[in-house]
Amino acid sequence: MSISTGSVWVDGSSSRMQRYNIFRRVNWGRFAVVAIPAFWLGIFFFIPFLVVFKISLSETAIAVPPYTPLLEWDLEEAYINLKISLGNYLYLLEDAFYLEAYLSSIKIAAISTFFTLLIAFPIAYLIARSDGSRRALLLALVILPFWTSFLLRVYAWMGFLKKNGIVNEFLLSLGIIDQPLVMLQTDFAVYLGIVYTYLPFMVLPLYSALEKMDMTLLEAAEDLGCRPAQSFFLITLPLAIPGIVAGCLLVFIPAVGEFVIPALLGGSDTLMIGRVLWDEFFLNRDWPMASAVAIVMLIVLVLPIMLIRNGQGKGEAI
Amino acid sequence: MQRKSLFLRFSAGFGFLFLYAPIIALIIYSFNKSKLVTVWGGWSLKWYSELFQNDQIIDAALLSLKIAFISATVAVVLGTMAGYVLSRFGPFRGKMIFSGWITAPLVMPEVITGLSLLLLFVALEGMFGWPSGRGTGTIIIAHVTFCMAYVAVIVQARLSSMDETLEEAAMDLGAKPSSLFFLVTLPLIAPAIISGWLLSFTLSLDDLVIASFVSGPGNSTLPMVIFSKVRLGVTPEVNALATIMIAIVAIGVIAAMFQMRRQARLLAKLD
Chain A
396 MSISTGSVWV
406 DGSSSRMQRY
416 NIFRRVNWGR
426 FAVVAIPAFW
436 LGIFFFIPFL
446 VVFKISLSET
456 AIAVPPYTPL
466 LEWDLEEAYI
476 NLKISLGNYL
486 YLLEDAFYLE
496 AYLSSIKIAA
506 ISTFFTLLIA
516 FPIAYLIARS
526 DGSRRALLLA
536 LVILPFWTSF
546 LLRVYAWMGF
556 LKKNGIVNEF
566 LLSLGIIDQP
576 LVMLQTDFAV
586 YLGIVYTYLP
596 FMVLPLYSAL
606 EKMDMTLLEA
616 AEDLGCRPAQ
626 SFFLITLPLA
636 IPGIVAGCLL
646 VFIPAVGEFV
656 IPALLGGSDT
666 LMIGRVLWDE
676 FFLNRDWPMA
686 SAVAIVMLIV
696 LVLPIMLIRN
706 GQGKGEAI
Chain B
40 MQRKSLFLRF
50 SAGFGFLFLY
60 APIIALIIYS
70 FNKSKLVTVW
80 GGWSLKWYSE
90 LFQNDQIIDA
100 ALLSLKIAFI
110 SATVAVVLGT
120 MAGYVLSRFG
130 PFRGKMIFSG
140 WITAPLVMPE
150 VITGLSLLLL
160 FVALEGMFGW
170 PSGRGTGTII
180 IAHVTFCMAY
190 VAVIVQARLS
200 SMDETLEEAA
210 MDLGAKPSSL
220 FFLVTLPLIA
230 PAIISGWLLS
240 FTLSLDDLVI
250 ASFVSGPGNS
260 TLPMVIFSKV
270 RLGVTPEVNA
280 LATIMIAIVA
290 IGVIAAMFQM
300 RRQARLLAKL
310 D
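Residue numbers (the working numbering), protein chains in the order written: chain A, 396 to 713; chain B, 40 to 310.
It is possible that some hints are incorrect.
Said to hold, decoys possible - No more than 30 Å apart at the CA atoms, straight line, and that leaves these computed lysine-lysine pairs for BS3-like: (1) A:K449 with B:K134; (2) A:K558 with B:K74; (3) B:K215 with B:K134; (4) B:K72 with B:K85; (5) A:K478 with A:K449; (6) A:K607 with B:K308; (7) B:K268 with B:K74; (8) B:K134 with A:K607; (9) B:K85 with B:K74; (10) A:K558 with B:K85; (11) B:K105 with B:K85; (12) A:K558 with B:K72; (13) B:K268 with A:K558; (14) B:K268 with B:K105; (15) B:K72 with B:K268; (16) A:K502 with A:K558; (17) B:K85 with B:K268.
Just so you know, the hints here were simulated from the structure itself, not pulled from any lab data.
When you get a sec, could you build the whole thing from the sequences and use the hints?
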């Protein structure tokens, strides 16, 4: 069956591509195509984590680079000195500030994810039930903001929310309020910013789940006397669960580590761990502490969720 | 039966309003004559002319465009390789690990990616003397790393949804692996490669956090300049800049949509 390739297949895969796969003969070419991207990511994405871990075990110092070496040796004097400091991790545990920052990041990300879902669902549902060119237009309208600068979209909200900004002017002119509301530099603005910038990441996986739904199910339910609200909770929602899970993870994980949104829209008391890491690094110049913050964030927040699901959906969504 | 209730229309309409209101307000206020950003002083192009006289912004924009162009191009090459491996190489040992590796950068918080890359560059410089100092080169490496993951996923999705018969036919007719890829597969996945390139270009042009970590002194990219300006408050020049960038993207996306529509209509006619 696979005479054309002149080799015997051991894995017996049924795919036709498999049988014809001539790459097996040119092993070097095949190897290079796998190895080049894998090497790149190995060097520039995975080894860096080991470096971060190493530096999180050193101490900050006034030097270039600003941390103490882990390992010092002098072969002539037969002297090796390995110095591992757990001080940064102990400090993380002792100082309530860090724990608070982690918890507050999780809280802010979770609440924002919920509201993103709430706003994204009707949009995704409407798109999934529209037809033809209308569907393409609505989809493009959802994706278009995603192609424009994230930084500038967050910035747009600053002009919207500030004390003499557009929202306040509008409400004042209508007489709904007589004092401008304080909206910028509050947690509220941070929620709004996250919901706004991550909305497309929620709409697209929801849309692809809802699009596959068989609409005749709803008709059947109606025929059997089901009210619209009932059939929504009994049929539509359960069928959308894969999309809901995918969308929530795509919003939640990056939102936990968000820096730009709390920095521009949040107040000085808006605690988020991405901002803490940034300040440790850029303001305090404490590289070892910033590394410890990153390692804990990675182990506590990112790895568990990444193990549940790898990042497939994000790219497919685009 | 495609019934859409009033409630659904209203709430989806609210969602779209939420998406577009700040952008539209920003565009309108970029034409505001008044220096006070929120007081309307009549239409004017004043801020656009000031923008083009601001050398700091112009230099940063040129640097960002250069970085985005190179990063997107390298990312497309590496990402296409990875996407091809994921969908056309069949099962091989370590494939699960490979696909996990490729997609991991997509979900990593930016502050972690940025910090870890910077520490790597510092460590490499200490050990091998490369890269000596940080700047354009290190930003490009960082951007390629996260952009190639997006390209890989887009190319993989396109390849998986594509019929394999054309490639099989070429193989039956004796095409070598390299000519099979360049003459048959590549033209078929060209749309995915183009959108992967465009996405990488946009992501690179937009990145603030990672570039801030890995750039050196005197290498401020456009987002870094915008961020330092915006942190002090709303500035009309940035409104003008944002309007220009949004206009370019909107024109591009709309043109692409019309192109796709025309192709779809052409295909429908052929049927």
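Here's how the hints hold up against the structure:
As the CA atoms of A:K449 and B:K134 are separated by approximately 29 Å, the hinted pair is consistent with the 30 Å bound. Restraint check: the Cα-Cα separation between A:K558 and B:K74 comes to about 16 Å, which is no more than 30 Å; the hinted pair holds. Between B:K215 and B:K134 the alpha-carbon distance is near 24 Å, which keeps this suggested pair within the 30 Å criterion. For a cut-off of 30 Å, the pair hint linking B:K72 to B:K85 stands: about 7 Å separates their Cα positions.
Proposed proximity of A:K478 and A:K449 is supported: the alpha carbons are some 11 Å apart, at most 30 Å. Restraint check for A:K607 and B:K308: satisfied, since their Cα atoms lie roughly 27 Å apart, inside the 30 Å limit. Simply put, B:K268 and B:K74 have alpha-carbon atoms about 15 Å apart, close enough for the 30 Å limit, and the pair holds. For the proposed pair B:K134 and A:K607, the alpha carbon gap of about 29 Å is at most 30 Å, so the pair holds.
Note on B:K85 and B:K74: the hinted pairing holds, with a Cα-Cα distance of about 10 Å set against a maximum of 30 Å. Straight-line distance between C-alpha atoms of A:K558 and B:K85 comes to about 25 Å, which keeps the hinted pair within the 30 Å bound. Taking the CA atoms of B:K105 and B:K85, the gap is about 28 Å. The hint holds against a cut of 30 Å. Using a Cα cut-off of 30 Å, the hinted pair A:K558 and B:K72 holds, with the two alpha carbons roughly 20 Å apart.
For the given pair, B:K268 sits about 19 Å from A:K558 by alpha-carbon distance, which is consistent with the 30 Å threshold. Distance hint between B:K268 and B:K105 is fulfilled; the C-alpha atoms sit about 22 Å from each other, no more than 30 Å. Proposed proximity of B:K72 and B:K268 is supported: the alpha carbons are some 20 Å apart, at most 30 Å. The straight-line distance between the Cα atoms of A:K502 and A:K558 is roughly 26 Å, inside the 30 Å bound, and the hint therefore holds.
For the suggested pair B:K85 and B:K268, the alpha carbons sit about 18 Å apart, so the restraint of at most 30 Å is met.
Every hint from the earlier list agrees with this structure, and none is contradicted.
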